[in-house]
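**Student:** Work out the full structure: start from the sequences and follow the hints.
There are 2 protein chains.
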Amino acid sequence: MDIKEAIERRKSEIERELIKSFDRVWEERLKNAMTHLPSAGGKRLRPALAMISADAVKKGEGKRALPFGITLEIIHNFTLVHDDIMDNDDLRRGVPTVHKVFDEATAINAGDAMFALAFNVLSRLDVDDSILREILDDVSGMVLGIAEGQQMDMDFEERMDIDPEEYLEMIEKKTALMFINAAKNGARIAGAPPSVYEKMAEYGKYMGLAFQIWDDFLDLTADEKTLGKPVGSDIRNGKKTLMVVYTLQRLEVPDRERFLNILGNEKASDEEVSEAIELMKKVGAIQDAESLALEYADRAKRALGVLHESEEKEALLDLVDYVIRRKY
Amino acid sequence: MDIKEAIERRKSEIERELIKSFDRVWEERLKNAMTHLPSAGGKRLRPALAMISADAVKKGEGKRALPFGITLEIIHNFTLVHDDIMDNDDLRRGVPTVHKVFDEATAINAGDAMFALAFNVLSRLDVDDSILREILDDVSGMVLGIAEGQQMDMDFEERMDIDPEEYLEMIEKKTALMFINAAKNGARIAGAPPSVYEKMAEYGKYMGLAFQIWDDFLDLTADEKTLGKPVGSDIRNGKKTLMVVYTLQRLEVPDRERFLNILGNEKASDEEVSEAIELMKKVGAIQDAESLALEYADRAKRALGVLHESEEKEALLDLVDYVIRRKY
Chain A
4 MDIKEAIERR
14 KSEIERELIK
24 SFDRVWEERL
34 KNAMTHLPSA
44 GGKRLRPALA
54 MISADAVKKG
64 EGKRALPFGI
74 TLEIIHNFTL
84 VHDDIMDNDD
94 LRRGVPTVHK
104 VFDEATAINA
114 GDAMFALAFN
124 VLSRLDVDDS
134 ILREILDDVS
144 GMVLGIAEGQ
154 QMDMDFEERM
164 DIDPEEYLEM
174 IEKKTALMFI
184 NAAKNGARIA
194 GAPPSVYEKM
204 AEYGKYMGLA
214 FQIWDDFLDL
224 TADEKTLGKP
234 VGSDIRNGKK
244 TLMVVYTLQR
254 LEVPDRERFL
264 NILGNEKASD
274 EEVSEAIELM
284 KKVGAIQDAE
294 SLALEYADRA
304 KRALGVLHES
314 EEKEALLDLV
324 DYVIRRKY
Chain B
4 MDIKEAIERR
14 KSEIERELIK
24 SFDRVWEERL
34 KNAMTHLPSA
44 GGKRLRPALA
54 MISADAVKKG
64 EGKRALPFGI
74 TLEIIHNFTL
84 VHDDIMDNDD
94 LRRGVPTVHK
104 VFDEATAINA
114 GDAMFALAFN
124 VLSRLDVDDS
134 ILREILDDVS
144 GMVLGIAEGQ
154 QMDMDFEERM
164 DIDPEEYLEM
174 IEKKTALMFI
184 NAAKNGARIA
194 GAPPSVYEKM
204 AEYGKYMGLA
214 FQIWDDFLDL
224 TADEKTLGKP
234 VGSDIRNGKK
244 TLMVVYTLQR
254 LEVPDRERFL
264 NILGNEKASD
274 EEVSEAIELM
284 KKVGAIQDAE
294 SLALEYADRA
304 KRALGVLHES
314 EEKEALLDLV
324 DYVIRRKY
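Protein chains in written order, with this note's numbering: chain A, 4 to 331; chain B, 4 to 331.
Treat each hint with caution, since some may be false.
Identical chains blur together in the list; that is why a pair holds if it fits in one copy or across any two.
As the list claims (entries may be wrong) - Only pairs whose alpha carbons sit at most 27 Å apart, straight line, appear in this in silico DSS-like list of lysine-lysine:
| no. | residue 1 | residue 2 |
| --- | --- | --- |
| 1 | K61 | K284 |
| 2 | K304 | K7 |
| 3 | K34 | K285 |
| 4 | K316 | K14 |
| 5 | K270 | K46 |
| 6 | K103 | K242 |
| 7 | K34 | K242 |
Because the hints were derived from the structure by calculation, they are not lab data.
**Tutor:** In structure tokens, the structure reads:
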């Protein structure tokens, strides 16, 4: 089964449970602010991944992982509500952001309430109490890690001397941690032993890293029609991607000066953006990022060797292909 | 033992554990933002209350309740960090607020990270796993309730038709829930049965309600020297206290119009503030709020009837007197 179908099969159940989880919020304006983003759609990739991972360990256990998946989806949405305030973004999933529809104070408060609700849903997870304790440790550590990744990302905006290792740590925290948790604890909820769920964590890690690196790679290599935005917009925005990190580390003056003049210049012409991309290619930055993404994808797939054959395992393999299949 | 000494005896242990809990935060700027407010001091009333409640149930169990107390203290501080952004306040505990020292994005992120850390500390609580599950439900429900209370408080700013019952629900959520949790789960961690810890919840509820009502009562009845701020500043700020809620419900035109002209007028003269206070007295609003606070204080004390005699019980009784002892 491909990943698209595996998600589709679970989506209506996920969305029903997700919306139902907000029933215990009584204050009307707060509830409206909390449900605004979750109701606006989304791929539901994280809860689906938790459920598919559970079913891959033991068919039929996906349903038991559902509340955990809802916890992750609410946390994912809460981080987006707060990120949009931090970045002062006006749109998300095609609709105005929570702080634009309501106000900033309500959006901060709604994010906090979503975070609390996520842990409240978790308390009703149908697993042994001792496993719940471990998952509480994991999920709370995950949110702390995401906040660290977010802070690193903000700090990087001012820095030109980022080490590739630091960069990878940042995206592991900011992006991959959620996938690590979904795959690992989805498997654990289905009764997987540590030898299995630690491999699932590895799967989530490398899939998440490949996903983020590929996403940035596409921005420079896909065409405008595929991207739905101008090629190289990350360069104009000054985004510190792995490719930019490599480039800043490898370029010498005067090329480095030239590159820094273009990076983050919102008014850079298409010719200048092309020039920056050529400089990145010259030092092998784009090629190396592509290779690393492919290597990570390979590692993610190999980690799944621990699973017996099933259509859910196929879907998990296909998800890896999906994140690097999106074409340039 | 009086409450002051009971807190003092536990304070250094609380502060040591509190600071230690931030050790697992690695990102420097984030850690600095997270520790800014907790390091600036505070009464440590909530963790102390959890420990004293545990010791009151079974001498020596206070130490077991310490991580739970740290969870509450971190949550309390996180709500203050976010509240200060929402209210755009510059100072807290005599030092600049987190969003002023760092920036708003970092303050939002640091608050989120503190929230996550609080639940991470909770996962290491030394109680049966089944009790941890119940406490997780309680604490996450508490934070959700606090967010609802905060939202009600913000919504009240625009409203002139608040029902006293609604007002009491708001302060029960925004202020009393933390005390309910501290007393109830402190007792539960020490092994109290439901018949005891539910009474401790009642104690926390009425003590918290009395505390908030008395705080607002003092603003109108204490002298400037005692308050450290001008008498009636709540009237100039338009704060919807229980006394204002009663007054708005009871005054008839033209007095009601006159009162509304003064309420929320930052430039109101001392004479006008006195006039507003006279109108509040005329309809019995101040007297009724005082009576209610005293009644709640009494209920809080009576709930402690479930405890055997001990110096910790004395301290809990003294805490009730303390919240209404502060003089006018």
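**Student:** Does each hint fit the structure? Answer for all of them.
**Tutor:** Hints versus structure:
1. In this assembly of identical chains, the alpha carbons of K61 and K284 never lie at most 27 Å apart, being 46 Å within a copy and 69 Å across copies at closest.
2. Taking the shortest alpha-carbon separations for K304 and K7, only the intra-copy value of 17 Å comes in at or below 27 Å, while the best inter-copy value is 60 Å.
3. In this assembly of identical chains, K34 and K285 lie within 27 Å of each other by CA distance neither inside one copy nor across copies; the values are 52 Å within and 39 Å between.
4. In this assembly of identical chains, the alpha carbons of K316 and K14 lie at most 27 Å apart only when taken from the same copy (18 Å versus 53 Å across copies).
5. Taking the shortest alpha-carbon separations for K270 and K46, neither the intra-copy value of 33 Å nor the inter-copy value of 53 Å comes in at or below 27 Å.
6. For the homomeric pair K103 and K242, the shortest alpha-carbon distances inside one copy (24 Å) and between copies (26 Å) are both at most 27 Å.
7. With identical chains, the CA atoms of K34 and K242 are at most 27 Å apart between copies only, with a shortest distance of 24 Å across copies and 34 Å within one.
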